[in-house]
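Protein chains in written order, with the working numbering: chain A, 163 to 920; chain B, 61 to 349.
Be careful, since some hints might not be right.
Dumping the calculated DSSO-like pairs for lysine-lysine here, alpha-carbon to alpha-carbon at most 30 angstroms [claimed, not checked]: (1) A:LYS603 <-> B:LYS163; (2) B:LYS297 <-> A:LYS184; (3) A:LYS245 <-> A:LYS560; (4) A:LYS710 <-> A:LYS720; (5) B:LYS105 <-> A:LYS603; (6) B:LYS344 <-> A:LYS603; (7) A:LYS833 <-> B:LYS320; (8) A:LYS603 <-> B:LYS336; (9) A:LYS311 <-> B:LYS344; (10) A:LYS905 <-> B:LYS265; (11) A:LYS599 <-> B:LYS77; (12) B:LYS336 <-> A:LYS894; (13) B:LYS105 <-> A:LYS833; (14) B:LYS105 <-> A:LYS222; (15) A:LYS338 <-> B:LYS336; (16) A:LYS894 <-> B:LYS105; (17) B:LYS297 <-> A:LYS905; (18) A:LYS291 <-> B:LYS336; (19) A:LYS830 <-> B:LYS297; (20) B:LYS344 <-> A:LYS291; (21) B:LYS105 <-> A:LYS830; (22) B:LYS105 <-> A:LYS599.
Hints were generated in silico from the structure; no laboratory data involved. Remember, it's a predicted structure, so these values are computed and weren't measured experimentally.
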Amino acid sequence: MNVVTNNKWIGQRTIRPDGMDKVTGRAQFAADTNMPGMIWGKVLRSPHAHARIKSINTAKAEALPGVKAVVTARDIVDFTIEKGAVMLGIQDMRWMCRNVMAREKALFPGHPVAAVAATSEAIAAEACKLIEVDYEVLPFVIEIEDAIKPDAPILHEFNKFEGKPSNIAGRLEHKKGDIAEGFKKADIVIERTFTTRPVHQGYIEPHACLISVTPDGKTTIWSSSQGQFMVRAMTSLLTGIPQSDIRAIPAEIGGGFGGKTIVYLEPLATILAKKSGRPVKMVMTREEVMRATGPTSGSKSTVKIGATRDGKIVAAHGTFYLQAGALPGSPIRGAAGCSFTPYDIPNLLSEGYDVCSNRSKVAAYRAPGAPIGAYAVECVLDEVAEALKMDPLDFRLKNAAREGVKAAHGPTFPRIGYIETLEAARQSDHYKAPLGKLPGKLQGRGVASGFWFNAGGESSAQVNITEDGNVVVTTGHPDIGGSRAGIANICAELLGIDYRRVSVIIGDTQTIGFSNLTGGSRVLFASSIVVTQSTEQIIKTLRERAAKIWEIDPEAVKWEDGAAHPVSPNAGQFPPLTLKDLAEKAPAMGGPIGAGVQLNTQGADGGFGTHICDVEVDVDLGIARVIRYTAVQDVGRAIHPGYVEGQLQGGVAQGIGWALNEEYIYTKEGKVDNPGFLDYRMPVCSDLPMIDCIMVEVPNPKHPQGVKGVGEVPLVPVMAAVANAIYNALGKRFYSLPMSPPKVLEVIDTPAPRQAAE
Amino acid sequence: MTELRYLAPNSLDEAIKAFVAAGSAGRILAGGTDLLVQMRAGVVKPGLIVDIKKISEMTTIEETADGGFRVGAAVSGMALHDHPRFGKVWPGVLEAVNLIGSKQVQGRASAGGNLCNGSPAGDSVPAMVAAGAIVTIQGPDGRRELPVEQVPAGPGRTNLKPGEIVVSFALPPRPKGSSDAYLRMIPRTEMDIAVVGLGVSLTLKDGVCTAARVGLGAVAPTVLLVESAARALIGSKLDDAALNAAAAACSAACRPIDDKRGTIAYRTKVAGVLLKRTTAIAAKRAEGN
Ligand SMILES: Cc1cc2nc3c(=O)[nH]c(=O)nc-3n(C[C@H](O)[C@H](O)[C@H](O)COP(=O)(O)OP(=O)(O)OC[C@H]3O[C@@H](n4cnc5c(N)ncnc54)[C@H](O)[C@@H]3O)c2cc1C
């Protein structure tokens with residue numbers, strides 16, 4: 163482990179800048195903004211899972227007193243299928259324009275078909291009921307197995323797979339060696355099939371926005387998202403208003419987890435505001451959030467792993483089918499690309515299939531696709547280790563990827579920290595502790611590992627020294643995981659001043675340069691590079707100013723502890739000039755002090771984690787509870803350890819929910835039957851033990867502070883760790899999620915025929 | 061748009077008068093933890109809300125001369141919790157009421173609201189049924205009394221007549237060696253709705269069960285009084301044979317549905333498991349009384 167100890171602020175649990183506002187209820191979330199003259203927008207949503215829209219008549223709605231504007235797909239820029247893909251990041255605008263408003267067909271219950279703005283929410287809702295939509299109801303399909311059948315109802319006739327109209331919208335594969343040859347060398351081969359249900363990101367803040375469009379077209383958007391620049395770009399593309407006329411102001415965000423990397427309401431509210439001439443506010447209900455945003459994919463995965471008797475994996479084959487929902491774009495890249503990556507496997511084929519079906523379009527969810535793939539792979543690894551009579555951590559250690567190994571998805575690994583996570587897990591108190599025994603309860607322990615790519619990309623920063631000698635840093639990324647606190651630590655460290663003198667704020671689209679989405683665990687990695695370079699420029703300026711005052715060479719001035727000093731007594735004998743001194747003298751010495759840097763940052767390294775989970779199963783009620791959990795992760799360098807632990811704990815909490823209770827349940831009509839937090843069961847505090855974190859620090863050599871992304875890895879291993887622990891407790895394996903009480907009890911009570919090893 | 065009026069009268073008579081006058085547009089408000097949620101969701105759209113929390117009879121807990129209790133229908137869970145004696149005599153009823161929601165919900169939610177909301181999964185109802193609570197009801201035609209198990213009529217429906225308000229719950233005096241308990245099965249640990257809820261009240265004399273009542277929730281359109289389970293317990297020393305028979309009786313009484321909250325098979329089995337566990341807790345408590 164490489165723990166840096168000589169820093170003053172990097173690595174400190176400094177007080178978070180948003181903490182006071184959040185605990186006192188002052189933080190301004192998207193729904194907290196109001197404007198004089200504001201009116202309310204509401205969306206009319208399809209009641210059908212699949213229906214052709216023959217006509218829409220809005221006349222009655224428009225005639226209702228209080229109604230100021232109505233929009234339908236006709237008002238939104240059409241990205242036609244024929245013209246081909248128009249990409250914004252990973253999003254194809256052909257799908258986005260059809261997702262924000264149904265065009266030819268309504269593709270899931272909850273799909274927007276029109277929107278109304280009126281002087282009150284109640285009038286807007288009433289007006290929605292007056293809109294007449296003539297639907298031709300079509301047969302629908304939701305589950306993957308049904309959607310890939312030859313005679314399945316087809317969502318998009320234009321989409322062809324192997325020459326025929328199909329719901330399979332895409333396939334990708336990663337390949338290494340020759341699996342047929344590899345499996346021949348195996349002494350033991352285990353192949354299993356797993357399914358997972360769709361799960362929602364579960365952010366507490368529903369989507370919301372307030373939008374004003376002035377008569378000259380100047381548009382201001384207040385909304386909560388994971389990227390104000392994404393909001394601006396998508397709104398621009400879908401409304402035709404140029405980006406220079408759209409100012410997107412990010413609100414404090416009440417959770418996103420990937421689900422706020424696309425827009426739903428902003429284009430509609432913009433057009434409603436433009437048509438009505440009034441500011442328009444839209445706030446989704448929880449039910450709308452559950453029916454029409456996210457969730458991530460349900461999945462069906464088959465994983466086959468072959469190993470030799472001495473514990474070397476010689477071949478592996480994974481096939482991952484993921485639900486895209488109504489429009490193409492499921493995270494098959496994460497499933498196929500991440501699942502086997504912790505291991506050095508000579509012969510590998512990892513395939514992903516993107517499957518459309520009549521449910522809401524998938525949105526990113528923390529390491530999109532990777533937890534789904536890892537669940538299948540890490541459960542099969544557990545079975546292989548058991549068959550080989552090896553400790554599951556030792557088995558992973560024996561096959562662990564390390565520096566120089568080529569990953570099937572492309573890169574050859576630099577120095578990585580996966581092995582360190584396995585060793586730290588093996589040496590942890592948790593792994594050494596015996597399991598307890600209670601009457602009527604069975605305890606078990608499981609482990610699992612996971613990988614996520616992480617990312618770099620575009621970031622901009624402006625660092626300014628205030629006239630009174632303090633610091634304001636502006637970046638362009640919504641802070642969803644502690645980036646403001648991390649940036650303050652880094653900037654204070656570089657300048658040698660107290661972190662409380664550094665204010666970090668998030669600029670809007672017209673005040674800071676382009677900064678890509680908060681996603682891919684990229685933000686602290688990328689923004690600390692531009693902030694570091696900006697701060698270094700400032701330090702250079704400060705040294706030059708001091709040199710000018712002292713009339714010595716700038717090279718003879720060093721910056722230390724928040725002040726300029728002569729490098730040595732030889733350079734001259736001068737009392738230090740502090741940041742405050744130099745700020746005061748700035749007007750006479752060349753003007754304001756500040757610097758901005760914009761970059762497409764490179765050099766992000768992937769992240770690895772290994773988790774240990776203990777469960778206790780009530781064998782009469784089928785309830786499995788996690789009673790102890792340790793997340794070990796290579797975090798590069800923990801700039802703010804409290805926030806890093808928060809990321810690890812948050813990811814684990816979400817994974818435990820996914821493993822044990824969370825799932826989308828559909829009615830016979832294809833509607834979500836549990837669109838609220840009562841029946842969509844995310845864990846509450848009392849469901850979880852304290853989640854212990856072991857932060858392994860293998861710094862990223864390509865980053866000035868050694869930063870690696872940490873926000874997504876912690877969700878990747880969780881479902882497998884829980885599943886393996888439940889197996890260890892019960893001696894029975896589960897091949898589908900969630901492992902909810904009725905399902906667990908059924909497995910306990912019926913001796914299930916076990917899938918046998920070859 | 062319909063208008064919403066709010067009234068908070070000081071007397072029951074006034075409340076009933078206004079409630080009757082409003083007809084089907086009227087709604088009683090106790091803690092509001094069901095009603096306000098339903099209004100927000102657009103499920104109910106009342107024209108008049110009659111808040112009963114200013115009526116003292118409905119918000120007081122009284123220990124009667126014979127050692128019984130009279131609990132106002134609008135008494136909050138927290139107020140019941142803070143009563144110095146109630147929880148000692150009726151620990152099962154108290155734990156059932158206190159299971160409702162969270163701390164914040166407890167400051168508002170009432171047993172009256174829980175009963176009148178008509179959910180078969182309401183937590184306090186099986187415990188009240190096991191306790192043999194008698195409900196006092198007042199309406200335009202005066203007062204009447206009903207055993208608590210006769211109030212629910214089906215999911216979301218009660219046997220209250222138009223204009224009637226539940227005033228209070230009367231709990232009988234307790235013979236020596238008596239106690240009660242309530243358990244529910246939920247997938248989470250709190251903030252959840254019972255998949256099965258079960259209340260047991262019993263009296264032990266020299267280790268023999270001399271009286272018992274069993275209330276079972278969330279397994280049928282209404283909360284059930286399971287007399288067959290009680291019969292299996294009465295006269296026994298709560299030995300395995302008696303417990304198995306009572307558990308089987310509870311499973312047999314179930315008329316559940318398969319839904320998003322649990323399967324028929326699961327609920328049926330769990331009813332029996334809970335009978336055994338709840339009886340064990342009640343018996344342990346009774347031994348100390
Ligand atoms: C977050 C949350 C968690 C919850 N958890 C649980 C739980 O764990 N278990 C559970 O059982 N419930 C739960 N509930 C539901 C609710 O809290 C309970 O049913 C509660 O007991 C209702 O009481 P109240 O006083 O708030 O009722 P109100 O909402 O005031 O009334 C409920 C209904 O009964 C009628 N009513 C109320 N009092 C009377 C009366 N005296 N006479 C006639 N009609 C009347 C009202 O008109 C209304 O229709 C939860 C609710 C929330 C919001």
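**Item:** Violated hints, by number in ascending order, as checked against the structure
**Value:** Failing hints, ascending: 2, 3, 5, 9, 10, 11, 15, 16, 17, 18, 19, 20, 22.
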